[in-house]
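Q: Sequence order for the protein chains is V and G. Residues in the first sequence are numbered consecutively from 1, following the numbering used here. Residues in the second sequence are numbered consecutively from 1, following the numbering used here.
Think of the hints as simulated: they come from the structure by calculation, not from any bench. Remember, predicted model here, so these are calculated numbers, not experimental data. All C-beta atoms in this analysis are idealised placements derived from N, C-alpha and C, irrespective of residue type, glycine included.
Chain V stretches covered by chain G per the calculated footprint, using a threshold of three residues with CB under 8 Å from any CB of chain G:
#: 1; region: 17–23
#: 2; region: 170–184
#: 3; region: 197–204
#: 4; region: 267–275
#: 5; region: 278–286
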Amino acid sequence: MATDIARGNPTERAFVTPEGVDLRLNIGDAGQRAAAFLLDASIIIGVLIALSLVLALTGVGAVGAAGKAGVEVIAVLWLAAFFFLRNFYFTAFELSAAAATPGKRMMGLRVAARDGGRLKAEAIFTRNAMRELEVFLPLSIMGARAAEGGVDAWIYVLSFAWAGIFVFFPLFNKDRLRVGDLVGGTWVVRTPRRKLTRDMADDGAGRRAIYDFTTAQLDAYGAKELHVLETILRDSDRKTLRDVAERISGKIGWTRDPHETDRAFLSAYYAALRERLEQKLLMGVRRRDKHDV
Amino acid sequence: MSASGLLKSQRFRQAREDDWRRLERLMDKAEKGAMAKLTDAEILAVPVLYRSTLSALSVARETSLDQGLIDYLETLSARAYFFVYGSRSTLQDRLTGFFSVEWPAAVRGLWRETLISAGLMLFGALVAGWLVTIEPEWFYAFVPGELAGGRDPAASTATLRATLDGTADAEGLSTFAAFLFTHNAQVALLAFALGFALCLPTALLVLYNGATVGAFVALFASRGLGVEAGGWLLIHGVTELFAVILAGAAGLHIGWSVAFPGQRRRLDAASEAGRTAGVAMAGVVVMLLAAGLLEGFGRQLITDTFARYGVAAVTGLVWALYFYAPRREAVHGH
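One chain only, chain V, in its complex shape:
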C-alpha cells in the first residue's frame, strides 16, 4: 500500500500475476459501477419492452391462426425471455472474452479474479446469483406496501434497512466489492487502454553536446520533477513551457541563449537529467524528488 500513497492514486491496487509482476490495476469507483449497472438495467428493460410489443403484435396474429395454443406459445416465450434476461444477461456477457456486460464495457470496466488467477465460470455465476439479494429482494420489499401502521410498518422499515445493507455494501469497503464480488472472489477493474507515446528524450538526446550541463546542475532535481517535466513537454503548452524554462534556468544558474526556444532547452535538460538519474538507478540509487538526497 506504500506505493499507492507514493503515487497518490486512491483507486490503484496491487495485482500480482502468477509470474510475480505487480500490474497495479485501478478498480472501478462506485460511480462508474452504478452507471454501468443502470446502463445494463435500462438495456434489459428496453429489450423487455420491445419484446413485449413484438409478442403482443404477433400474439394478435397467433390467436387468429391457432387460437388458444397460439397465445400459449407467446406466453411461454415471454416468460422464458424474462427469466433469461433477469438471471443470465450478466452471466452470459461476463463469460465472454471481454468479461464485461455492455454497460461495463461502455464505462471501461471488466471483471477480474481477485487472486490474480484465471477468472472461473462459477465465480461469475456466483457473483451474479447474488444480485437476487442486492437488487431483486430490495425491489420486492419496496413493492410490498407498508400497512397503515403498527407492527407491519415497523417490519417494513426494518426489512428495508436490512436490504439496504446489501445494496450499499460496495460503499462500505475500500475495494468497492459487492456482496457478489465478495462471495465470487472477483472485483471490477478499469480496462486499461493507453497508446505508446513518444519518448520525450528523443528530442533532447541529440542536442546534449550543445547543452553540457554540469553534474551539480543535474543534481537539482529528482524523479518526481522529471516526470512533471515529461508531462509538460508532452502537453507542449507555450506559456507553461516558458514559465518552467525560466524557473529551471534560474534554479540551476544557466544563462539562456536568447535564440534558443524554451522547448529546445527543456528537452535537452530532460534528456540530460534522465540520463543522470538512470545512471544512478543502475547503481541502485533511486532519487525520488529534489528533497531526496
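Chain V is already provided as a structure; the job is to place chain G on it using the hints.
A: Here is chain G on its own, set in the frame of chain V:
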C-alpha cells in the same frame, strides 16, 4: 554515453518496441471479439509476447524513468494478462466438465448442509401438516393464494379430486410449466443468495417451503386423498424439492463460512465457499428446469397414481446415483 547519443533506456525501448506493437495489435484484434480471426500462429505468439512484455516491464521499472513507457507497458501487460489468463475454454468443454465432474463433486461436498437443509424442510412439513390436521384454518397461513389455485379447505372433496387428475387444466400446460419453472428458480436463487445473511433467512425459506408442502398433503389426507396427492406432488416434487434443498444447502454453506471462517480470513472463506456453492447452484437451475417440465407436462399427461409414483422413484434414483454413487475420479485425473 554511446556513440549514437541515445540513453540506455531509449535503446532498450527501441530494441523491443516492435514486439510490443505486435502484441498490441493482437490484443486489439482479440478484444474486438475477433478471437476466431486470430491464426494458430498468432494465438501461440501471444503468451510468448506477454511474458517478454512482462519482463520488459520489470526491467523498465528498475532502470527507466520514461513514465509514458512504464504506463504503456503496464496497460499492455494487463490486457495481455486478461487474454492469457481469461476464461477461454470452449462452451462444450465447460459443459462436459461441469456435468461429469464439477457439479456432482460440489453437491457431494455439501452433504452436511444438504442433510441440515433436508431436515429443516421435513420439520417444516411435519409441523405444518400437524397444524392443518388439527385446525384446517392454518392452511391459509402456509399456502399463498396464487399457488393454492382453489385447492383449499373450503373446496369440496370432489373438487379436490378433480384438481389431482390433471385433465382440468390441460389447456394451458406449457404456460403453466414455464411459470412454475421461473417461479421456483427464483425462489431457489433467493434461498441461495440469502445464505450470505448468516444462514438464518435461508433456513426460514426452506422451512416455509416445507410447510407449504406439508399443509397441502395434510389437506388432501384429511379428505382421504393422501395417496393420490402424494403421487401428484412427488412426480416432480422429488426433483424440485431436492433442488430447493440443495439451493438451501449452498446458501447455508456460504453463510456458515462468513459467520465462522475459522483460521482463514473472512473474505477468503467467503469466496472459497462461494466457488463450491456456485457450482452446485448452477446445477440447481438445471434440476428446476427438469422439475418444471415434469410438473407442467409429465403430471398432466401421466394421470395414473401408481405411474406417478413410478416416475418419482426413477427420478429419485437417478439423482441419487448421479450425485452420490462412487466414481473413478482418479482415472479421469481432474
